[in-house]
Amino acid sequence: SQQGEEDPQALSIQEGENATMNCSYKTSINNLQWYRQNSGRGLVHLILIRSNEREKHSGRLRVTLDTSKKSSSLLITASRAADTASYFCATALGYKLSFGAGTTVTVRA
Amino acid sequence: DAGITQSPRHKVTETGTPVTLRCHQTENHRYMYWYRQDPGHGLRLIHYSYGVKDTDKGEVSDGYSVSRSKTEDFLLTLESATSSQTSVYFCAISESQGSSYEQYFGPGTRLTVT
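From first to last, the protein sequence lines are chains A and B.
Reminder that position 26 of the first sequence reads as 12 in this note's numbering, one-by-one numbering, no gaps.
Reminder that position 105 of the second sequence reads as 489 in this note's numbering, one-by-one numbering, no gaps.
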């Protein structure tokens, strides 16, 4: 069964706005990863946060992790049309990942 | 796409026929994975490999088998295809980066079983 669950399932925002999506999970993890999938393509790794980290930044991405609540959030700042995609969280235990069902983000021009 | 190719990219087959999907990597990564992606389910792990001839089952392995005779190739076989196996199949690879394993994905194979 899937480990992670994203919320919301879908998100529509105006270009320039921030997009926030959340991920909840159920069991212990080594790290949590976020991936992006453009329509019809494979997933692309965005960012990884280890279980002993609370926050991580990469360009316009900010990820938080709260292991006590078993939750993570991904913030995309100053969104662009090119950010339109599905975003998946994946919990890692060793070399195996468990993916959530994803959040579909649409950025309107 | 990180030196990962999948073939075929699209396939239509009939119920009851065997089907083999191929994943080929040029990265010399140790770990390889097969997932299926269906609407509302995200990606679900079918089988994975942690070395040549070393494979194990994922969460949705029924009806599928795999083989890995070389580091670069990971084959997924649907022994007798069913309509419930209509899906998009993704191969992924990973290698240890300290204690972390980021995965790199192929472009996917869209399989339709009629």
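It is possible that part of the hints are untrue.
Here are some chain A residues the structure puts well away from chain B; computed CB gaps all over 12 Å [said to hold, decoys possible]:
(1) Q23
(2) R27
(3) I33
(4) T50
(5) A64
(6) K82
(7) L83
Covered, in the sense of this in silico footprint (three residues per stretch, anywhere, with C-beta under 8 Å from a C-beta of chain A), are these stretches of chain B [claimed, not checked]:
(8) 426 to 432
(9) 456 to 466
(10) 469 to 480
Calculated directly from the structure, the hints in this document are not laboratory data.
Where is the CB? At the ideal position from N, CA and C, for every residue including glycine.
Hints the structure fails to honour: 1, 2, 3, 6, 7 and 9
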